[in-house]
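Protein sequences, first through last, are from chains W and B.
Last residue of the first sequence: 290 (numbering that gives the first Met the number 0), numbering continuous.
Last residue of the second sequence: 288 (numbering that gives the first Met the number 0), numbering continuous.
Simulated from the structure, these hints should not be mistaken for laboratory data.
A virtual CB, placed ideally from N, CA and C, is assigned to each residue, including glycine.
Do not take every clue at face value.
[To be verified] A few chain B residues that face chain W, going by a derived Cβ cut-off under 8 Å, partial list only:
(1) Asn42
(2) Thr43
(3) Lys55
(4) Phe77
(5) Gly118
(6) Thr123
(7) Gly127
(8) Asp130
(9) Ala234
(10) Gly248
[What the hints assert, rightly or not] For lysine to any residue, the following SDA-like pairs were computed, each having C-alpha atoms within a straight-line distance of at most 20 Å:
(11) B/Lys16 / B/Ala45
(12) W/Lys84 / W/Phe157
(13) W/Lys150 / W/Asp241
(14) W/Lys122 / B/Val100
(15) W/Lys211 / B/Val251
(16) W/Lys213 / B/Glu171
(17) B/Lys193 / B/Glu171
(18) B/Lys16 / B/Gln153
(19) W/Lys187 / B/Lys16
(20) W/Lys286 / B/Pro221
(21) W/Lys122 / B/Val113
(22) W/Lys122 / B/Asn87
(23) B/Lys193 / B/Ser222
Below are the chains, spelled out letter by letter.
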Amino acid sequence: MKVPTATSEAQLEQLRREAEINGRVSRPGIHPPNAPFPTTSYYELPLLKPPVWTWEVPAYFFVGGAGGAAAVIGVMARVSGSSPKLVRDARWTAAIAAGLSMPLLIADLGRPERFLNMLRIFKPQSPMSVGAWIVAAFGGASTAAVLFPRKLADISAFASAALGLGMSTYTGVLLGATAIPVWSENVKTLPLHFGASALASAASALELMGNKEKALHGLALGAAAFETYIGFELERKGVKTDLLLLGGILSGPLPLALRLLGVRRVAAAAQLAGSLITRFAWVQAAKESRK
Amino acid sequence: MAITGFLTDSTLCIGCKACEVACKEWNDVPADGFVFSGLSYDNTVALGHSTWRHVKFVEREPVTGHGGNSPAHVTWEFSSDVCKHCENAGCLEACPTGSIVRTEFGSVYIQPDVCNGCGYCVVTCPFGVVDRRPDDGRAFKCTFCYDRQKFGEQPACAKACPTGSILFGDLEAMQHAADARIAKLHGQGMTDAKLYDARDTSVGGTHAMFIIRGDERAYNLPSNPEVPTVHLRAAWTSAAIAAGAIALGSLVAFALTCGTAAPAVCGAADPAACDPSTAESAVPHRGRR
Numbered sequence: 000m001k002v003p004t005a006t007s008e009a010q011l012e013q014l015r016r017e018a019e020i021n022g023r024v025s026r027p028g029i030h031p032p033n034a035p036f037p038t039t040s041y042y043e044l045p046l047l048k049p050p051v052w053t054w055e056v057p058a059y060f061f062v063g064g065a066g067g068a069a070a071v072i073g074v075m076a077r078v079s080g081s082s083p084k085l086v087r088d089a090r091w092t093a094a095i096a097a098g099l100s101m102p103l104l105i106a107d108l109g110r111p112e113r114f115l116n117m118l119r120i121f122k123p124q125s126p127m128s129v130g131a132w133i134v135a136a137f138g139g140a141s142t143a144a145v146l147f148p149r150k151l152a153d154i155s156a157f158a159s160a161a162l163g164l165g166m167s168t169y170t171g172v173l174l175g176a177t178a179i180p181v182w183s184e185n186v187k188t189l190p191l192h193f194g195a196s197a198l199a200s201a202a203s204a205l206e207l208m209g210n211k212e213k214a215l216h217g218l219a220l221g222a223a224a225f226e227t228y229i230g231f232e233l234e235r236k237g238v239k240t241d242l243l244l245l246g247g248i249l250s251g252p253l254p255l256a257l258r259l260l261g262v263r264r265v266a267a268a269a270q271l272a273g274s275l276i277t278r279f280a281w282v283q284a285a286k287e288s289r290k
Numbered sequence: 000m001a002i003t004g005f006l007t008d009s010t011l012c013i014g015c016k017a018c019e020v021a022c023k024e025w026n027d028v029p030a031d032g033f034v035f036s037g038l039s040y041d042n043t044v045a046l047g048h049s050t051w052r053h054v055k056f057v058e059r060e061p062v063t064g065h066g067g068n069s070p071a072h073v074t075w076e077f078s079s080d081v082c083k084h085c086e087n088a089g090c091l092e093a094c095p096t097g098s099i100v101r102t103e104f105g106s107v108y109i110q111p112d113v114c115n116g117c118g119y120c121v122v123t124c125p126f127g128v129v130d131r132r133p134d135d136g137r138a139f140k141c142t143f144c145y146d147r148q149k150f151g152e153q154p155a156c157a158k159a160c161p162t163g164s165i166l167f168g169d170l171e172a173m174q175h176a177a178d179a180r181i182a183k184l185h186g187q188g189m190t191d192a193k194l195y196d197a198r199d200t201s202v203g204g205t206h207a208m209f210i211i212r213g214d215e216r217a218y219n220l221p222s223n224p225e226v227p228t229v230h231l232r233a234a235w236t237s238a239a240i241a242a243g244a245i246a247l248g249s250l251v252a253f254a255l256t257c258g259t260a261a262p263a264v265c266g267a268a269d270p271a272a273c274d275p276s277t278a279e280s281a282v283p284h285r286g287r288r
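Extracted from the complex, chain W is given alone in its bound form (with noise of 0.2 Å):
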């Protein structure tokens, strides 16, 4: 609270005398920062463009990456000789994701009409060119690995899972090589954090469907543990925003101690949800965030 002292009153005073006299005043008043001008930054106008994509996209970042993983773990499941029941739910989840995936991303396009313009060339250095054939020969594998008879269905299914490794990782790189300060000041962090999402979500979805197998357990503990892990690092370097905190903590601390405790269920429920919201919170930072 301010006090009225003589030196302010007078100053109010003169001030009307000024206007009264003259129609107007000379003194500049207060200026707020960078207005009205302007010195190291354009009236707080954001340098950059947000991201033009919809929720089809962070959408297809979390189906994908659980499909890819899950390819995965069907091919590591079948070569150490666990139950059948989770080979087939591992190659079906990789080919229904990989179903899911192609009419996600072709939506978001703005001419979904033109989507084979996509496969028109190859671009090593546009991981959007990179992805769109990784998923276009996922979806074949993946569909592939789950149609055909016993042998070609194997050779599929590991076609599927080395194409599946990309389908985890290469959205990481995606969103960090770009201009988006918050994406590519984390370039490293990405495809490890996208990696880990996709691994806990396929480990997740195959012991919702009844594969009561350790190794999900494990995979998806482990997982959980890294991303603790990638929670406290983006904390640190002071990433942060709400949708990010809710999907960090439902993917790392509160699975991990479920894990611990034993109530795996809620844990993999806990970090589905946390994938799928964590792929929404990075494209949402990014709008957020733009300077």
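Once you've looked at the hints, dock chain B against the given chain W.
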């Protein structure tokens, strides 16, 4: 064909917006609505899908001595912004359809008949220039009047500029003109005049250069623009590590837990199933049980 360039001189711009109008008219760019920004007299605000020239109104503390300014009035810097047509263009590198190409004039051009509106150029432009037009679905930006240049004409904005603030010509000639102009301005005492062409950054120089005064950030130009491809190595290395960890992690997880459904079935009950080397036989074996 000669490599061409723009030299936009903010010390000559009078803020008439003839360039904005000329650009809209020649290129048939749709109107972007009546907007009152509340910031300065700039109601265009930014470059975008339907704004390929944008006159910025940079207000300054009163400075006497140049252009007859009185100490009581705000000093204006106007600067007509445009796509920078980078030497290493983020949008061009990122475009997955090959829609964005380098023309014979050295400019960066989006082929509208190829663009499928994926939106990746929007987030890979370090200058915030490219944008997707919502009702059309494709990305748009300055074409450097590629069609006009094909006929040996200068771009519409340069032709319409009444003060010579927008110069167009051979890139090298423009660079020389910039050096000469800046030397002249410095000689006149305008020592904060400088060239902005991002030459010392990973962008490697721009084909649209700007003469500005003082801090480039006041013009909404980035101090250190970076072409996003500089991040590729780190990003893919990280992705490879992540992929390796997922593959190895799941291999180890299944090998250690011997692929059994529950602890009761594992280990002692059937040691053969725990050996990864006999894994192939494990599935039919369990099927028999």
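Worksheet item: Has the given pair, W/Lys84 with W/Phe157, been kept, meaning a C-alpha gap of at most 20 Å?
Response: holds (17 Å)
Worksheet item: How about B/Thr123: closest beta carbon in chain W under 8 Å, or not?
Response: holds (5 Å)
Worksheet item: Is the straight-line distance between the alpha-carbon of B/Lys193 and that of B/Glu171 20 Å or less?
Response: Roughly 17 Å between the alpha carbons, so the hint for B/Lys193 and B/Glu171 holds.
Worksheet item: Keeping to a limit of 20 Å between CA atoms, is the pair of W/Lys122 and B/Val100 held or broken?
Response: holds (13 Å)
Practice prompt. Verify the proposed pairing of B/Lys16 with B/Gln153, using a straight-line Cα cut of 20 Å.
Written response: Given that 20 Å is the threshold and the Cα spacing comes to 17 Å, the pair holds.
Item to complete: Verify the proposed pairing of B/Lys193 with B/Ser222, using a straight-line Cα cut of 20 Å.
Response: Holds: B/Lys193 and B/Ser222 sit about 13 Å apart, inside 20 Å.
Discussion item. Hinted pair, alpha-carbon criterion (20 Å max): W/Lys187, B/Lys16. Please report holds or violated.
Written reply: violated (43 Å)
Discussion item. Between the alpha carbons of W/Lys150 and W/Asp241, is the straight-line distance 20 Å or under?
Written reply: Not OK: W/Lys150 and W/Asp241 at ~48 Å, beyond 20 Å, violated.
Worksheet item: Within a Cα-Cα threshold of 20 Å, do W/Lys286 and B/Pro221 meet the stated pairing?
Response: holds (18 Å)
Worksheet item: Do the numbers back the hint for B/Gly127, that is, is its least Cβ distance to chain W under 8 Å?
Response: holds (4 Å)
Worksheet item: Against chain W, with CB atoms and a cut of 8 Å, does the hint on B/Asn42 hold up?
Response: Violated, about 12 Å.
Worksheet item: Regarding the pair W/Lys211 and B/Val251, is the alpha-carbon distance no greater than 20 Å?
Response: holds (17 Å)
Checked against the numbered hints given earlier, this structure breaks hints 1, 2, 4, 13, 16 and 19; the rest are met.
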